[in-house]
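2 protein chains.
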Amino acid sequence: MAKELTTREENYSQWYNDLVIKADLAENSAVRGCMVIKPYGYAIWEKMQAALDKMFKDTGHSNAYFPLFIPKSFFSREASHVEGFAKECAVVTHYRLKNDEVNGGIMVDPDAKLEEELVIRPTSETIIWNTYKNWIQSYRDLPLLINQWANVVRWEMRTRLFLRTAEFLWQEGHTAHATQQEAVEETMKMVNVYANFAENFMAMPVIVGKKSENEKFAGAIDTYCIEALMQDGKALQAGTSHFLGQNFAKAFDVQFTSNEGKLEYVWATSWGVSTRLMGALVMAHSDDHGLVLPPKLAPIQVVIVPIYKGPEQLPGLNEVAERIKQELESKGISVKYDNRDTQKPGWKFAEYELKGVPVRLALGPRDLENGSIEIARRDTLEKKVLPQENIAVYIENLLVEIQNNIYNKALNFREENIRTVSSWEEFKEVLDNKGGFISCYWDGTVETELKIKEETKATIRCIPLDSEENTGTDILSGKPGKYRVLYARAY
Amino acid sequence: MAKELTTREENYSQWYNDLVIKADLAENSAVRGCMVIKPYGYAIWEKMQAALDKMFKDTGHSNAYFPLFIPKSFFSREASHVEGFAKECAVVTHYRLKNDEVNGGIMVDPDAKLEEELVIRPTSETIIWNTYKNWIQSYRDLPLLINQWANVVRWEMRTRLFLRTAEFLWQEGHTAHATQQEAVEETMKMVNVYANFAENFMAMPVIVGKKSENEKFAGAIDTYCIEALMQDGKALQAGTSHFLGQNFAKAFDVQFTSNEGKLEYVWATSWGVSTRLMGALVMAHSDDHGLVLPPKLAPIQVVIVPIYKGPEQLPGLNEVAERIKQELESKGISVKYDNRDTQKPGWKFAEYELKGVPVRLALGPRDLENGSIEIARRDTLEKKVLPQENIAVYIENLLVEIQNNIYNKALNFREENIRTVSSWEEFKEVLDNKGGFISCYWDGTVETELKIKEETKATIRCIPLDSEENTGTDILSGKPGKYRVLYARAY
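Just so you know, the protein sequences line up as chains A and B, in that order.
Numbered by the working numbering, the letters in the first sequence go through residues 187 to 677 in order.
Numbered by the working numbering, the letters in the second sequence go through residues 187 to 677 in order.
Derived by calculation from the structure, the hints in this document are not laboratory data.
A portion of the hints provided could be inaccurate.
Claimed, not checked - Partner residues are not named here, just some residues of chain A that face chain B (Cβ under 7 Å, in silico): (1) Ser215; (2) Val217; (3) Val222; (4) Ile223; (5) Ser248; (6) Asn249; (7) Tyr251; (8) Val277; (9) Val288; (10) Asn337; (11) Val338; (12) Lys665; (13) Gly667; (14) Arg670.
We put the CB at the ideal spot given by N, CA and C, even for glycine.
Only chain A is shown next, with the shape it has when bound in the complex (with noise of 0.2 Å):
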């Protein structure tokens, strides 16, 4: 089964695509542009929203839930919004169907045409923001932290599972402020929730930094983004945080009064993260075999396999299983025992590498013999026997190391792969040879940012935050830098 993937070295793009199938994460549907989220590919979503939607109420925030629908004229609204987000969307004109008596089968009611048409979501500022009027009177109505988790439209011509699809799962913070440092100081604290999540859950490294002009959020201040590095050195923007001044408060008239009684423009953020996410875990970690998947996003983390010649066998297999199994339960690791007799061992061993489950056991008679068991790490693929005595013990602190390791394997990968350059020969030369970021100087304009961008298709992908505003020379350009800035070509 795993034979079947491409591997990354023949086409990494074909080896993604292949994964996602094979490892029934995902699928297109019958709907241009749009996936199926398979059970297991859902199961780590669930881990992912779990997780986050622990740190968004740790730091405060509450669920709710706005409509799918947003009237058309919503989004003209925000000047540069509109320019951004309404024009590729999926637009409901009609509410009723009827027997077709000429053709046969249903039609569009021409009799039902809805006065204004309806967008379907592809983000929720506008409807939000005109529901915070009813919301906010006073400074004591704020600041109002509140997220969603839904689902949005964005009419994509080019799809892929994942990464872009017409229609994807989200989150969306939207947040209001009574102070533009509140707000900046929120747009700073989800951007690195976002950071710690994709390095402690995804086990995937992330450069924080603020976007470009050309590259922030339409109706935005500044947008803040967390950027990953995948394995053929593309880059991969992995969430984003905005600080959106007092754009859609102006835009929908949202105003409080001060604790000193004056009439203020509210201040706001946005902040998202979507299913994309479950693209870059796919292209961050997984290798030729299949999926790696770090423990603690992993639906299964151990799978238990019997090896046995007859049926004689299984009783006692079964037995000792069963033991680990819920000796490993009760530590809270989550097991599965696999001891279907349509399936042979191989086919198992193949199946759960593919399919990137942490630790793999296998228990055969001579194990019952010795008291012993084999373990199978999969981000190693070693192999050793062990004591089945105190092996939860061991597994415990195993899925611990299994969690660093890959992400100490993406971290050098990542270290390896951001090279400074200081010539526009070098910058071409690195870029097509090597890839991965390139950090050098920039010089501000926008006119750099797209010439480089078309001669070469690499973006400014972040300025790193803790980038030094000292000076060099913009690669391109030789004017003075303004920034050290890290480039690359990007999914």
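Fit chain B to the known structure of chain A by using the hints.
Relative to chain A, chain B alone:
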């Protein structure tokens, strides 16, 4: 604040609307028929989701996600399904907006018309069975036990918060089985899961029964339901579980190779509950002071309010309150300590009564001297003063007692409001003057059912599972009764 609620006596319907809005559960949005679920309401829904999700997983189901959009033609495949569902739907006809050069603002781009219109899912049988076709080849692929948490849209003309909205949130289970027997068992298992959830979490007694032909789901062979009684004597359908036979398998050509090597159509079920449960929860238990929440679904189970005259009294109260809060939290009880100085204790008392917090603790300077604390129960509004010592154990037990008391109160009300009648005059008299469920014989014909509905607006809520099939006379037609059924006016 609580005084602004219309009383149930005065106008039950208005009381419900007032309560949903004033208790911050939900409100109408700018989009016709769509609601905003506010943080406090959503927190209750999250508790419902968590409990149900665990029950689904404990019974072997996995979550997945299918597209929001369904190609129009899919609805025509199952004949009765299209009649029931494809009519009042939101229809996406275009995928792009553009600047309106003539009138300003934005307009639907006429060049971006979809070849086939997409319907926003009103329920997902069609898109899911179209997908299952590729997942099921052999008996080894069965059973397939999948659930989806999602938003759905039905273009209702008359909407009410939670009870009937154009967009609502729900879960829909869709399972596939090798045999009829297994599918029937699944249908019954899930309607019983719903009954268990309603009774043990919502503290809401329900009657489990089968729908009449006229009331069953469009596309089902049999629909089972749970029916609850609201305080105004009207019934509310709180969840349904459908045995779909091979209808969808045939419509989407889903066949499998059986154990004996024969090609057979797959057997199906589907089952769902929605945010309608929020409406049921409110109407089942609440009173003229506000919400009454069962402790198992209350976002805040205990609130502590300090009573003080000068700010110098607060630190001492804070210390004791925080200690008690920690004791309670260590028992897994959710506690809010509200020591805001922007509101008076009386305001806070009314507020938490309105919000249905099951237990309120009040702590004043005299309590510090005496080592005492005042405890008020939301369900009975009883107050007593108890020693602070061992208060956590007392409250832990009290929460169980409140949960049971709320259930028993609703059960008594329900039992008192099931009336057996034996004449048509009596039927109408009871319906108009007392409401509730009316138990009587039905001849099993759609004609009788519809005639009764037309004359009285009462419908057959269900044929209770424990209904004995013994002889009796139909209440209207006088023909031999086929079943003893429950009639009621319903939401």
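message = Quick check on the hint: A:Ser248 CB to chain B CB, less than 7 Å?
response = Since the shortest Cβ distance to chain B is 4 Å, the answer is holds.
message = Given A:Val288 as an interface hint, is its Cβ closer than 7 Å to any Cβ of chain B?
response = violated (14 Å)
ask   = Any CB of chain B closer than 7 Å to the CB of A:Val217?
value = Holds - the Cβ of A:Val217 comes within 7 Å of chain B, reaching about 5 Å at its closest.
ask   = Holds or violated: is there a CB of chain B closer than 7 Å to the CB of A:Val222?
value = At 5 Å from the nearest chain B Cβ, A:Val222 passes the 7 Å test, so the hint holds.
ask   = Does the CB of A:Tyr251 sit less than 7 Å away from some CB of chain B?
value = holds (4 Å)
query = If you take the shortest Cβ to Cβ gap from A:Val338 to chain B, is it below 7 Å?
reply = violated (10 Å)
task = For the hint on A:Asn337, just tell me whether its beta-carbon gets within less than 7 Å of chain B.
result = holds (6 Å)
Hint validity - A:Val277 Cβ closer than 7 Å to any chain B Cβ = holds (4 Å)
message = Using the nearest Cβ pair, does A:Asn249 come within less than 7 Å of chain B?
response = Holds. Min distance 5 Å.
task = Grab the minimum C-beta distance from A:Ser215 to chain B and call the hint holds if it beats 7 Å, violated otherwise.
result = holds (5 Å)
ask   = Holds or violated: A:Gly667 as interface residue toward chain B, Cβ cutoff 7 Å?
value = violated (37 Å)
query = When the nearest CB of chain B is found for A:Arg670, is that gap smaller than 7 Å?
reply = Nearest chain B Cβ about 38 Å off; hint violated.
Of the numbered hints listed earlier, those contradicted by the structure are 9, 11, 12, 13, 14.
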